[in-house]
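Student: Protein chains in written order, with this note's numbering: chain A, 1 to 312; chain B, 1 to 239.
A hint or two may mislead.
What the hints assert, rightly or not - Under the rule of at most 30 Å between Cα atoms (straight-line distance), these lysine-lysine pairs were calculated in the DSS-like manner: (1) B:Lys187 <-> B:Lys156; (2) B:Lys32 <-> B:Lys223; (3) A:Lys90 <-> B:Lys109; (4) B:Lys223 <-> B:Lys180; (5) B:Lys109 <-> B:Lys135; (6) B:Lys115 <-> B:Lys32; (7) B:Lys156 <-> B:Lys109; (8) A:Lys86 <-> B:Lys109; (9) A:Lys90 <-> B:Lys17; (10) B:Lys187 <-> B:Lys199; (11) A:Lys86 <-> B:Lys17; (12) B:Lys187 <-> B:Lys32.
What the hints assert, rightly or not - Some but not every residue of chain B turned toward chain A, in silico, with C-beta under 8 Å: (13) Leu54; (14) Pro74; (15) Pro93.
Hints listed in this document are in silico derivations from the structure and should not be mistaken for laboratory results.
This one's a predicted model, so the numbers in the text were calculated from it and none came from an experiment.
For each residue, glycine too, the CB sits at the ideal point set by N, CA and C.
What follows is the residue order along each chain.
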Amino acid sequence: MAIDLTLPLLNSLALGSLYTLMALGLTITFSVTRIPNFAHAELVTVGGYVTAVLVNFMALPPHIALLAAFTASAILALSMDELVFKPLYKRGSRPLFLLVASIGVGLIVRYILFSLADATGNITIQTNVSVNPIMRFGRAYITTFHAIVIPATIAIVIALHILFHYTLMGKALRAISDNEDLARVSGIRIYRLRRVAWLIAGGVAGLAGGLWSISLIIDPNFGWDTLLRIFASSILGGLTSFWGTIIGGYIVGFAENIGIALLNTWFGINTAYRPLISFAIIVAVFLIRPRGFAGIDVRNIVSRLVVSRPRS
Amino acid sequence: MSNAIIEARGVTAGYGKSVIIEDNDIVIERGKITSIVGPNGSGKSTLLKTIVGLTRLFAGHIIYDGHEITRMQPEERSRIGIGYVPQVANIFPNLTIVENLEIGGYMRKSREEVKRDIEEVMDIFPVLRERARQKAGTLSGGERQMLAMARALMAKPNILLLDEPAAALAPIVVSRIFAKIREIVSKGITVVLVEQHAKRALELCDYGYVMTSGRVVMRGSGKEILSDEKFVEAFLGRR
Numbered sequence: 001m002a003i004d005l006t007l008p009l010l011n012s013l014a015l016g017s018l019y020t021l022m023a024l025g026l027t028i029t030f031s032v033t034r035i036p037n038f039a040h041a042e043l044v045t046v047g048g049y050v051t052a053v054l055v056n057f058m059a060l061p062p063h064i065a066l067l068a069a070f071t072a073s074a075i076l077a078l079s080m081d082e083l084v085f086k087p088l089y090k091r092g093s094r095p096l097f098l099l100v101a102s103i104g105v106g107l108i109v110r111y112i113l114f115s116l117a118d119a120t121g122n123i124t125i126q127t128n129v130s131v132n133p134i135m136r137f138g139r140a141y142i143t144t145f146h147a148i149v150i151p152a153t154i155a156i157v158i159a160l161h162i163l164f165h166y167t168l169m170g171k172a173l174r175a176i177s178d179n180e181d182l183a184r185v186s187g188i189r190i191y192r193l194r195r196v197a198w199l200i201a202g203g204v205a206g207l208a209g210g211l212w213s214i215s216l217i218i219d220p221n222f223g224w225d226t227l228l229r230i231f232a233s234s235i236l237g238g239l240t241s242f243w244g245t246i247i248g249g250y251i252v253g254f255a256e257n258i259g260i261a262l263l264n265t266w267f268g269i270n271t272a273y274r275p276l277i278s279f280a281i282i283v284a285v286f287l288i289r290p291r292g293f294a295g296i297d298v299r300n301i302v303s304r305l306v307v308s309r310p311r312s
Numbered sequence: 001m002s003n004a005i006i007e008a009r010g011v012t013a014g015y016g017k018s019v020i021i022e023d024n025d026i027v028i029e030r031g032k033i034t035s036i037v038g039p040n041g042s043g044k045s046t047l048l049k050t051i052v053g054l055t056r057l058f059a060g061h062i063i064y065d066g067h068e069i070t071r072m073q074p075e076e077r078s079r080i081g082i083g084y085v086p087q088v089a090n091i092f093p094n095l096t097i098v099e100n101l102e103i104g105g106y107m108r109k110s111r112e113e114v115k116r117d118i119e120e121v122m123d124i125f126p127v128l129r130e131r132a133r134q135k136a137g138t139l140s141g142g143e144r145q146m147l148a149m150a151r152a153l154m155a156k157p158n159i160l161l162l163d164e165p166a167a168a169l170a171p172i173v174v175s176r177i178f179a180k181i182r183e184i185v186s187k188g189i190t191v192v193l194v195e196q197h198a199k200r201a202l203e204l205c206d207y208g209y210v211m212t213s214g215r216v217v218m219r220g221s222g223k224e225i226l227s228d229e230k231f232v233e234a235f236l237g238r239r
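Isolated chain A, as found in the complex (with noise of 0.2 Å):
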């Protein structure tokens, strides 16, 4: 019996591409300022909420929503650290303090958006743009959605690709990610530095949510639904790799969606059951390759979290 695989195959692609866009902006943040920072979920949520309204109240083209997107996130971003993380830091808090700390920032944003989405009855909301169908692929079409997704991704990717080797200031944020010490001996003033670090990790996440929004409903735990993916994207790069959190990115957008419809004709599970995979791809590599792909070892990292850091 053949199954047909097209369909999963395309939203593989779509949603591999989303995982990457949201999990690039958590692997930089972490490499930079060796936060884990659970309330990445909420920057994308703030992403799709601007997008779709901005669209479906102020009619705005989409591509001016979600420019909007990225730059309400990316301010987002910026203010959390701030507000809150940089002077936990500057402290000497140890990484595993900041990691709750973002997990209360993360609340606190949710649900202000909750209330917001209450208040003006969209707790539930979609992009109003029509995706069309391009052209026929197996069983499947490739639709308008796949045509902005993959490319945007792949344009993203490229443009982080020039900055982090290509520019002074991305070798910096590099040089902050291998070895801050040294960094700052070297002249670099990292809390500068940072901030672009959270501008750009915060800005593809907002368009990552906007992008989102166009093709499901959303609500207001929608990023903090997709965390566990856009954790799983991170850590099977090792939570520092650039092109680690690439692949990643696609081999849980692949193996959810294949694996699910594969689950699904041969064993009759739920598609329900989807989140599973990543929660198991996670697990598998603590248990298997804690290196992740690029060498790095997350359980060395997570440990690292626990201990204290010797700092002012």
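Add chain B to chain A, keeping to what the hints say.
Tutor: Chain B in isolation, oriented as in the chain A frame:
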């Protein structure tokens, strides 16, 4: 008028809540080699890190070139000319060798000059040119040390603080590194050398400090210290 480039007065410092070095005074003279020697765990490295600004300072003052830098961030200290090569973790392993050198010259205005200086560094260390596009983490111990010093020199510092640059290296590499240190000083850069190998460091230096248990216990010219009976007995062993 003193010719001190750095003066540390009553310096008590450490990490978190723990004090590692207590009430130390040192003066580093411009254009000279100053060595700080002492056994493992005596606080030599902490003293060096305190000058750079990477420790927590509990008491005391640090004066650089007549200006108080006690409260200055490490990145600002490096911008006014204090160069530092840590003993370990002294390169960026995931950056290429060229990128390490570029970061070394990060705060310089002219990128053209940085490029030229990178070429010059590679002329001096041909091994770095061969591997220019490789990740620095792939270098051997001696090569790393060369890269670490080259990275610090890219910033054109007025003073270079070296933390055990010859630790755990083959003798032939050690002599190359010490030759390099002499060359650095001949270019007018002040050098502070922290060393466990006391004899080697004191023979090289103009002025030396001996530390034990977080305090400076002896000071003088290299020769004076090397001829001091108590020092010889405690650190070098009787012949």
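Student: Using Cβ atoms only, decide whether B:Leu54 comes closer than 8 Å to chain A, and label the hint accordingly.
Tutor: OK, holds: B:Leu54 within 8 Å of chain A, min 6 Å.
Student: Should the interface hint for B:Pro93 be scored as holding, given a Cβ-Cβ cut-off of 8 Å against chain A?
Tutor: With a minimum Cβ separation of about 6 Å from chain A (threshold 8 Å), the hint on B:Pro93 holds.
Student: When you check the alpha-carbon spacing of B:Lys32 and B:Lys223, does it fall within 30 Å?
Tutor: holds, 15 Å
Student: Under the criterion that the straight-line Cα-Cα distance not exceed 30 Å, is the pair B:Lys187, B:Lys156 satisfied?
Tutor: Holds, at roughly 11 Å.
Student: A closest beta-carbon separation below 8 Å is what the hint needs, so does B:Pro74 meet it against chain A?
Tutor: holds, 4 Å
Student: Does the structure keep B:Lys187 and B:Lys32 at a Cα separation of 30 Å or less?
Tutor: Judged against 30 Å, a Cα distance of about 11 Å means the pair holds.
Student: Within a Cα-Cα threshold of 30 Å, do B:Lys223 and B:Lys180 meet the stated pairing?
Tutor: holds, 22 Å
Student: For a C-alpha distance cap of 30 Å, please report whether B:Lys187 and B:Lys199 respect it.
Tutor: Answer holds: B:Lys187 to B:Lys199 is near 24 Å, not above 30 Å.
Student: Starting from B:Lys115, check that the Cα of B:Lys32 is at most 30 Å away, please.
Tutor: holds, 29 Å
Student: If you draw a straight line from the CA of A:Lys90 to the CA of B:Lys17, is it 30 Å or shorter?
Tutor: holds, 15 Å
Student: Is the Cα-Cα distance between B:Lys109 and B:Lys135 30 Å or less?
Tutor: Since the Cα atoms of B:Lys109 and B:Lys135 sit roughly 25 Å apart, the hinted pair holds (cutoff 30 Å).
Student: Run the distance test for A:Lys86 versus B:Lys17: straight-line Cα separation, threshold 30 Å.
Tutor: Roughly 21 Å separates the two Cα atoms, so the pair holds.
Taken one by one, the earlier hints all hold for this structure without exception.
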